[in-house]
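K.L.:
What follows is each chain in one-letter form.
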Amino acid sequence: MTNNSSRREFVKRSAALVAGAIVLPQIIPSTALGKGGKLPPSDRVVFGLIGAGSQGMSDLRDFYRLDNQVQFVALCDVDASRLSAAKEAVDTANKSKGCRTYGDFRELLEKEKLDAMLIAIPDHWHGIIYSSVVNKKINVYGEKPICRTIKDGQTIVNAVKKNGIVWQTGSWQRSQPHFHRACELVRNGRVGKIKSIEVGLPDGGRGIGTPPVQDVPEGLNWDMWLGPALKVPFRGVSHWDWRWILDYSGGQLTDWSGHHIDIANWGADLEHTGPSEISGAGVYPPEGIYDAPFEYDFLCKYANGIEMRVANASRFPLGMGATWYGDLGWIHVDRGNIISASDPKLLEGEIGENGIHLYQSDNHYQNFIDCLRSGKPTIAPVEVAYRAISVGLLGEIAMTTGQTIKWDPVKEEIIGNPRASRLLSRPYRQPWTLPTA
Amino acid sequence: MKKKYLFLLLVAGVLTFFSACKKEGHYNALIITGQNNHNWKASSPILKQLLDQTGLFTSDIIITPEKGGDMKTFNPNFSKYDLVVLDYNGEPWTAKTDTAFLKFVRNGGGVVVYHAADNSFPEWKEYNRITGLGGWGNRNEKSGPYVYYKGDEIVRDDTSKGIGGTHGARNEFLVKTRNSQHPIMKGLPANWMHGTDELYSLLRGPAENMEILATANSGNRGLNRPAVPTPAGAAAVAAAAAAQAARAARTAPGAPGAPVAVPARPSQPARDEPMLMTITYGKGRIFHTVLGHADEGGGPAMKCVGFIVTFQRGAEWAASGKVTQEVPFDFPSAAGAVLRPDFKEITLDEALANIGSYDIAKSTKNLNCLRYHIRKVAGDEQALLNIEKKMVYILQNKDATVDSKKLLLRELSWMGTDYSIPAIKELTSTEGLKDEAGFALTRLQSAK
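Read top to bottom, the protein sequences are chains A and B. Quick note: the first sequence uses the numbering used here, first residue -10, plus one each step. Quick note: the second sequence uses the numbering used here, first residue 287, plus one each step.
Some clues are possibly wrong.
Simulated DEER-style distance windows between Cβ atoms [claimed, not checked]:
1. B:465 to A:225: 37 to 45 Å
2. A:340 to B:728: 45 to 53 Å
3. B:708 to A:82: 56 to 64 Å
4. A:329 to B:683: 56 to 64 Å
5. B:394 to A:178: 19 to 27 Å
6. B:720 to A:70: 30 to 38 Å
7. B:705 to A:262: 34 to 42 Å
I should point out that these hints are in silico values taken from the structure, not numbers from a laboratory. For every residue, glycine included, the Cβ atom is placed at its ideal position computed from N, Cα and C.
Bound-form chain B, shown alone (with noise of 0.2 Å):
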């Protein structure tokens, strides 16, 4: 017994002196959270692993008092940290935490500032001027300008009365890059849609040394997509404006059906508001994202791949002014939102074993994986004929769908080698996938 709690108090002190020695290109992060007007129970813990899972980070979470509890209990050793990531929307701390934490960040701390944590704080100035922005708390001209996009340009001296903070109905909404030379956005799409999410809007605050990263039309329902120019896509806008017309009909006063005594949302104009942010404070970089709306085990918000990328390319930039991170392949376009259900970018190998399932009604995401991997290695002969194996492996697995084949008989049409061909040649008789067989070895044979 003795023995067992001398070699884990040995490995505590081992880890504990790994966790001490900083390596460069790792860093501490330290995620606060306790009280929320969301769920933060469910929050911290995936923000962790979305922290963790980059390899960069080892990350703590430090829980508050509840509310009303003893804040002095409060106290974290922010010198310990490289990032503190806010994940907390409640009562204030201690005048000591406060001014330990805005040493950290005037010292050059990063800061990500996530979704409600923009709401906490009302009062106290100097936490605003970190956030850049935020919202509800009695927040209103006096907090700050409201800051947004007209067109190309952005406004940011709308000083007019009025709230600030609201959002509509939770949606899907098209994100849009408006700085894609920023080192969190470069090589992101121009435009992706995001999982079902609060789009904030009327945020103010001081939005000093503060650069808007990405936007969101306020005005829209999931639909300020770019049109395309089909009948199809062209009835599909009509038929969501229709809805949202209906909606709005519905609701509006005296309108039969609508909602009894319940006080009008605040009129909320369309416009393309911030979504992603920067802000310098002091030394410290800040990274403010007002994505990512937790449900318990966090929801689409949380699970859409746009959001668990820019929060993790936007925890690195804050920690070391550099973004090191590759773009995933599952990245979405505004073709659609994309949600990783455990958060985690699928493997190689997960999608290989997995890819066999498909039918066209499915998700590409294994292929899109498959593809990727493809042109990762381009150019390395080894590495492309051990995909290649595990592929014509799958296309001689009699489990393995028509579908599925379909799909990677396109593949080995152009990355194939000879080691392709018998399976292939075996297929040009096989029911339902003779043509594709037929396609792949033609193509393959076109030059060797």
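Looking at chain A on its own, in the form it has when it is part of the complex (with noise of 0.2 Å):
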């Protein structure tokens, strides 16, 4: 079937539905109609996603929630209670029993013609999911910090880049005016020339200690879950506490990096490059399977000579968010429409015609479609998103070693430092290996 019959078919079908005849739930996908892939005004997106626990549905629910634009298809987890779970969510959303599911993601972008991809998993599995959907030139929502370690990330840059596909990250606060506020107030010299940045994430919770092993609950597929992470037995973690495991993610820190450090780089222009010198120490826990620190403090400079401290909340009197110590003041910004300044008068008034102009989105998963129907660049682009994880991720490498790290933003990698280099990736289990664009 070539594109054009395809197409023929879609509107007859199209038609069809208007006129009111009962039609098989097929949907076709706009974008895989036409060469370059622009989705026309009037068609609604069709979705897949792979990961159905909270963020994901949550994702889902909020895409739904943009007056009728998308239609979920297919379905992916490891999970079977929450796929069919998911399922009945979906089909009560679209008002058809068609919505199909999968229990490995490579079946379904075997069989799925899709316009995007919602992706919400462990970080672990983000290097193989995300790269394999992103080359069968599938357009990605996909749920920060977008990478496990900065290889899986550049990994994941490159063949975004080479497809051409577009790419939304899951860092919605950029997409909230206060946060948009703040970083334009900061690009537009109100703290002064940026000196010092600081970055409050939340702290470690409580241990949980060593589980005995246990039955792998009914439909979940543990191997899967655990792809190319090592093997382990099951011990009652996984959806959602994985995150205090390194194997698949490092914590607070990490999970975070998507959000403040994003903020912080969008404020002080870092957005397209990297530290060169980071250095720092954690806590980490005295016992049991969480091995993520409880709590990290290092400072990253950069080759312009601001100096950006990342830390547990508790360290800075102002807890959380990012906040912008420049030679005139400073200011302060967090979730909860906190925005704050060394003097208010530093917040007020607006920008003028010829300020800096910061990209603008009220709405995040709103922003994706129209990028998909613009083509152009989204507010959470992927390769910022790399920045704002690579300085976790470079953070977490400092605190392993003891060591002060030097890196070259430039060329992404590790400078006199074989020992901090081999952690720039983890060896995956096999037979999975990361995909090449």
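Two chains, two frames, some hints: make the complex.
P.N.:
In structure tokens, the structure reads:
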């Protein structure tokens, strides 16, 4: 079937739908139809979902809240019970029973033709699944942090560039007016020349010790959940709480790098570069299967002289969020509409016509859809997301090695430290490999 | 026989000579104890051990007469010392001793006020200016204000009526750093779980020239740790809250099962109470820790690394105004309390000797110790190789556990050299370790 014939068929089916006839609930993605892949304004975006957990379903609901602009047709999860719950929710939203389900993303990619994929899976899977989807030229809304290792991140960024797809990272703070406002004020010199930045991310919670090995819950494909990570017996930790185990995530630090480091970078115009020197220390749990640092504190020095300190929020007087310190004062921003400054006057007034106006989005999900239609970059493109998480990952390497890491942000490599360089990637368990673009 | 005595005398003389010579960075400490509503026979030798093992102190214990005894015989020569540690809660000393002690502090002597020492001498005004805050002994609004934290603000002017000093049931609780820049606190985590202890609250006193270094929330039963946004964490918090509510209901007057005829504890507002403080008095520096309730053998409050380390650092600061001790690898985080069964930090050799018996359900303290030393010698190839050789030795040891080898392979994967490769290759065909050995080999060879 050529693209043209499928287009005709799609038009026919659409006509039938308008005429009120009963049709098979088959949806044909618009971007798959023509070259260039721009989505006509009238068509709904045909979506797939990989990862039907709490974040994935929350994102999915947000897409459905956009007035009739999306339709999810294929869902994938390694947990059958989550998958069936997701199907039920999506079928209800679609008013149809036709949404297809998969336990293996490879099968989904083999069989489905999609405009876009929503992906919300544990970090250790990001390198493989993001790259595989992008290599199929499917546009992606992908959850942060976009990678578990620097190498995973580089692979994903290259795949996105090579395939020319539209990418939106789930760093939704960028689409909140007060974060945008804070960054724009800082970019326009309200704090003067930036000298330092503080980024407060959440403190670690409590450990759970080492729960006993237990039966894998019915329907959970544990081997597939682990995927490229080392094989371990099931101890009751999978969904959500994977975040506190270094095989899958870097803890609160990497979870939140995609939010507040991302915002700090946006305000300081560091979105397309990285630090040149990183040093710091973490506090690691004394026992149990959670091994991510419960506290962390590291300093990043940039070539332009800016110093960014990233630490768990309790270590900063202003707590969570990003604070830019310049020679004229400071501005702090955090969730909950919090924006404050050393002098309230710094926050007043409009940015003039000749000032710097940052990309504006007031709905993170709509922004993705709009960009699918316009072909323009999203508010949270892949390269920028990679630069945000790479700060967290380099901090992790500095804390692991106990050394000051020298990083070349242009070549994106660690300088003169093979031991630290080994930590830029994690070997994958057979048979998994990182796909190349 | 005579010769032997002569020899001993000589040795004693030499020792006296050396202890009389004050070395820079070495301090003499005097621990005062002998009367206490707490087990001072358990606590005071431990305090001595903690001071002496820093290598910074030579400490003596002086025991006062028993209750009702002749206090005139208690006449310490304060001038010999740089630091006085107060583990005493008892009858008044003589006026002469009081004066000598005050003179010692005013002239720049250091003091550590330990746990119930702040209960002592409610009537002695100058003593209370040294401790800053105190409790019990009929202390009330006349003793001074309550001092505590409200959010991020310190409250110093709460002169409301009420008792001075109380504590709830003993429990683990979270200690929060309030001044991370103070030499005593520098490099410590922002929050750490303290071993089961009494959480002193509602202390009151003159609180002059007093700074709060750390607080704990008196409303908590070990639960004021920042909430983890996880279903498991939320469930645990909810369950504990329910248990607490149930406890409260049980003890409510008239509730079934409520204890009969037990006077109700004074109501205890949930607030961030001072746990660690510094005070200055004249030229003297005082470190006040309310932590460390002693059971026989010390108990979890004294075995807690948080207590031990803040006590040691506080003592050095009080004696010298600076802290040269490093933060040890086993300092706790909010993840959970860490206890040292014998009060000592484990050495790398001890960690390496014990790491081979690790299984996943055990403490990772030996591994954490190893990691700490790997980080500490980072950049020193020879030192790293020495550690690596010992790690490989465990990998090759047939008696070492699979779990211990898994942990070592993770570390070697990034810090190892060619030296490790044959031993790791060997394990790529060992059941249970194939994946980890493959992982280590791949990573090790990814950059040289």
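K.L.:
Next, verify each hint and record whether it holds.
P.N.:
The hints, checked one at a time:
| no. | hint | in the structure |
| --- | --- | --- |
| 1 | B:465 to A:225: 37 to 45 Å | holds (39 Å) |
| 2 | A:340 to B:728: 45 to 53 Å | holds (51 Å) |
| 3 | B:708 to A:82: 56 to 64 Å | holds (59 Å) |
| 4 | A:329 to B:683: 56 to 64 Å | holds (58 Å) |
| 5 | B:394 to A:178: 19 to 27 Å | violated (50 Å) |
| 6 | B:720 to A:70: 30 to 38 Å | holds (32 Å) |
| 7 | B:705 to A:262: 34 to 42 Å | holds (38 Å) |
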